[in-house]
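Q: Here is what each chain is made of, one letter per residue.
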Amino acid sequence: RKEVEQDPGPFNVPEGATVAFNCTYSNSASQSFFWYRQDCRKEPKLLMSVYSSGNEDGRFTAQLNRASQYISLLIRDSKLSDSATYLCVALSNTDKLIFGTGTRLQVFP
Amino acid sequence: DGGITQSPKYLFRKEGQNVTLSCEQNLNHDAMYWYRQDPGQGLRLIYYSQIVNDFQKGDIAEGYSVSREKKESFPLTVTSAQKNPTAFYLCASSFQNRGSNQPQHFGDGTRLSIL
Chain A
-1 RKEVEQDPGP FNVPEGATVA FNCTYSNSAS QSFFWYRQDC RKEPKLLMSV
49 YSSGNEDGRF TAQLNRASQY ISLLIRDSKL SDSATYLCVA LSNTDKLIFG
99 TGTRLQVFP
Chain B
5 DGGITQSPKY LFRKEGQNVT LSCEQNLNHD AMYWYRQDPG QGLRLIYYSQ
55 IVNDFQKGDI AEGYSVSREK KESFPLTVTS AQKNPTAFYL CASSFQNRGS
105 NQPQHFGDGT RLSIL
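As they're listed, the protein sequences go chains A and B. Mapping of the first sequence onto my numbering: position 107 corresponds to residue 105, and the numbering continues sequentially without gaps. Mapping of the second sequence onto my numbering: position 98 corresponds to residue 102, and the numbering continues sequentially without gaps.
Calculated from the structure, these hints are not laboratory results. Nothing here was measured: the structure is a model prediction, and the numbers come from that model. The reader is advised that the hints may include incorrect statements.
[Said to hold, decoys possible] Only part of the chain A face toward chain B is listed, based on derived beta-carbon distances under 8 Å: (1) Cys38; (2) Lys40; (3) Pro42; (4) Ser47; (5) Arg74; (6) Leu95; (7) Gly98; (8) Thr99; (9) Gly100; (10) Val105; (11) Phe106.
[Claimed, not checked] If you want the ones that stay clear, here's a sample from chain B, every Cβ over 10 Å from chain A, calculated: (12) Gln21; (13) Tyr37; (14) Gln45; (15) Leu47; (16) Ile118.
[Unchecked claim] Restraint ranges, calculated between C-beta atoms of paired labels, are given here: (17) Glu54(A) / Ser84(B): 48 to 58 Å; (18) Ile55(B) / Asn20(A): 46 to 56 Å; (19) Gly14(A) / Glu66(B): 25 to 35 Å; (20) Gln29(A) / Arg48(B): 19 to 29 Å; (21) Asn32(B) / Glu54(A): 28 to 38 Å; (22) Gly44(B) / Gln29(A): 26 to 36 Å; (23) Arg(-1)(A) / Gln60(B): 32 to 42 Å; (24) Gln60(B) / Pro107(A): 26 to 36 Å.
Virtual Cβ for every residue (Gly too), placed ideally from N, Cα, C.
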């Protein structure tokens, strides 16, 4: 079983839609979590950290459920520019980042 | 501007040749990392360094070597022992984690191909 698992998608949604991605992690000792965004053939860029209490940044909301060991990312009012691959990342107890393989989002007009 | 610079952007390797990928950061980050990304596989950790003159193997270190003589620099050598080097190589850096919520920031990558 992979340490961080994501549905690869693609998720095809119209502009203005709300879309949610889930991610599960296997190491209960993981303390910190992040969502990164990666555009085609580019480097990953930090989208947001994920806090235990949940956090919001504009149209993006991240949630952490430690009991069930999953993380979610909600995108409201999708824009064409949101089309990218979203990487779920967990910081292991050995201070290494463990990356999921990513979920691809395609927003269409 | 502060950031992480990788060079070259594209690199071609001949059979039996060693090549070195450069990674420099001016963010005063303590830790630096090298990842490899293959299609559909996500990022895999090759080597990482938490402090100058010290580094550890990641999950796929075979066929690679690194050095960390300066805080700002963490070059990666892809040796001839690495039989499948074609990939997108990403360098990242961060402040020391030690339980705190320190994300990594990435350079814009080097694409390595075999000639």
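Q: Let me make sure I understand: some of the numbered hints might not hold for this structure. Which ones are they, in numerical order?
A: Going through the list in order, the structure violates hints 1, 5, 10, 11, 13, 14, 15, 18, 19, 23 and 24 and respects the others.
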